[in-house]
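Please construct the entire structure, taking both the sequences and the accompanying hints into account.
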Amino acid sequence: MAYKRIALVCSFGLSTSLLVQAMERAATAAQAKVDIFAIGTSELAERAETTDVFLLAPQVRYMRPTVEKYGKPVGVVDGMIYATADGAKALRQALSLFQEEGMQ
Amino acid sequence: MNNLLQWMERMLLPATVRIVENRYMQAIRNAFIGSALPMIIVGSIFLIFVIPPIPASVSDGVLGAINQWLIRYRPILFIPFQFTFGLIAMWVGYGVAYHLSQYYKMDASRLGLTSVATLLVFCVPIGITGDGGLLGLEAIHVSQFVENLGAVGLFIAILTGIGVVELNRLLYRYGFIIKLPSSVPGNVAKSFEIMIPAFLSVGIAFLLEWWATASSSPQPLDPATALTMPKVIMAKLGFLVQASDTLPSAVLQIILMMLLWSVGIHGMNVVSSVAYPLWQTNLQANIASIGAGQPATHIVSEPFFHMYAHLGGSGATLPLVFMLLWSKSQQLKSVGRVSLMPGVFNINEPITFGVPIALNPIMVIPFLTSPSVIVTLNYLVMKMGLVPVPTLQPPLTMPVFLGGFLADGSWRGAALQAVDLLIAALIYYPFFKIWEKRLLADAEGVVAQDGDNGTIDLHHYPSCGTSEK
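Chains A and B, in that order, give the protein sequences. Taking this note's numbering, the leading residue of the first sequence gets 13, the next gets one more, and so forth. Taking this note's numbering, the leading residue of the second sequence gets 36, the next gets one more, and so forth.
A few of these clues could be false.
[To be verified] In the DSS-like style, the derived pairs of lysine-lysine whose C-alpha atoms are separated by at most 25 angstroms in a straight line are:
{"no.": "1", "chain 1": "B", "residue 1": "K140", "chain 2": "B", "residue 2": "K214"}
{"no.": "2", "chain 1": "B", "residue 1": "K214", "chain 2": "B", "residue 2": "K363"}
{"no.": "3", "chain 1": "B", "residue 1": "K472", "chain 2": "B", "residue 2": "K368"}
{"no.": "4", "chain 1": "B", "residue 1": "K140", "chain 2": "B", "residue 2": "K271"}
{"no.": "5", "chain 1": "B", "residue 1": "K140", "chain 2": "A", "residue 2": "K81"}
{"no.": "6", "chain 1": "B", "residue 1": "K140", "chain 2": "A", "residue 2": "K84"}
Everything labelled a hint here was simulated from the structure, so no lab data went into it. Because the structure is a prediction, the values reported are computed rather than measured.
Here you go:
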């Protein structure tokens, strides 16, 4: 089974990198086959091909219609999960997005 | 107040989506952030050696000797800057075409290069001088050519990037493209596809440039005074730059940024997609003045906001971090712990969404007020000449004091930041206390019951599991 690629999107990819580390820890603990990385909004177009699910930081949730055009599942991270860098909850959200995608 | 914030979110979110969804706005912003920014920062580092943070008045001792040496060799020391930050229009011209083509799923790198070639044609005055001589590369000084690729060329660079890509799109739509059979390797085929669009782009630019030089330059034509398209366009749009560099404009920009952040939308991201070209024009004008030995006067630039207003992140929240760290509320205390390191590097999303400030009617008040007061004060003291204006753009993660010192090359910049921090602390404190009191009262009433132990059962997500089947 191929690794699922999860992109966390914020303005420059700086603030989401905190959450990426937390999510990686959660993924390791759960042995989930995922590849998680942070990107800035200016990298969206070039990373769209190599991403399986987008999680938007709450402050760039206005990008949702733009990102949805890439045809991949898109979610917005809840503000409190984002602020406290709750990796497990964010990862769960990403995994749920895959599931919903698979069911369609 | 709560309803007001929710109403604001309902109004601002769709408006933001509309601005950001505009493909040209996206391409322009990405050109600055994605393509030009590294060159801006690298150029700024070289600039430290050209315009060192030593007061020009120092003429004795070691520092004085350094000052004199730097002034003597300035034209040479300027070169690394001139070919990085100094060519900002070239990077933006490439970036706009590159990112816009990516949006259209077209050949981004070749269209980016075509855009640069087209832009370069606009940087040489073309024509026949009064005495029958010719204006060409030989007739002009290289610095005249390079100057067009600095801030003066930003508008034409943006227009060129958009124009080249749109022309390519039109030619594609009507089939004016050399198509090779699909058996030909992709790279070869692409090189042929770009030929007609590139020929027409450069050709049209050549004719336009000839016309612009002939119709706008003082007559008879002379290499020293002949105008180029970048200068003609800047003369027409210069009023925008002037209007952007005023107190009302600075206050309007910070209020807009903070209103957006108040409902949890990245305000700097949105405002910069419109304001970045203006900020860079102002900043480069400052550097040009200093290079020419004149005082820099333009205030409203990128570092004016990132270094002197967003102290610890948008909203000047650095003092709030320390209030959180010593808070009696466990929630606030833990947010404070998470926020300290990011805050030192001007990243404050943990605070904005953790306190939370966004959509919080109490905390939004200091969040809007402090940066607005700070921007007003900073503008005024810079206008009065008490603190030098920013001449250099440090990375946005540059810690406070260091950033203030570097951005205008003076300890006064750091001192101004200290005053700004004090103002922010005074404004935030009462609201922090009210919010803390409310959280403590809530915490007494409710026993924490989350029931979430933070583990993930992969059986719920079979598509990502490790189970061999």
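Now for the hints, and whether the structure bears them out:
Simply put, K140 of chain B and K214 of chain B have alpha-carbon atoms about 17 angstroms apart, close enough for the 25 angstroms limit, and the pair holds. For a cut-off of 25 angstroms, the pair hint linking K214 of chain B to K363 of chain B is broken: about 71 angstroms separates their Cα positions. Distance hint between K472 of chain B and K368 of chain B is fulfilled; the C-alpha atoms sit about 13 angstroms from each other, no more than 25 angstroms. With a C-alpha separation of about 33 angstroms, the suggested pairing of K140 of chain B with K271 of chain B is violated against the 25 angstroms cut-off.
Simply put, K140 of chain B and K81 of chain A have alpha-carbon atoms about 12 angstroms apart, close enough for the 25 angstroms limit, and the pair holds. Restraint check for K140 of chain B and K84 of chain A: the C-alpha separation of about 16 angstroms stays at or below 25 angstroms, so the hint holds.
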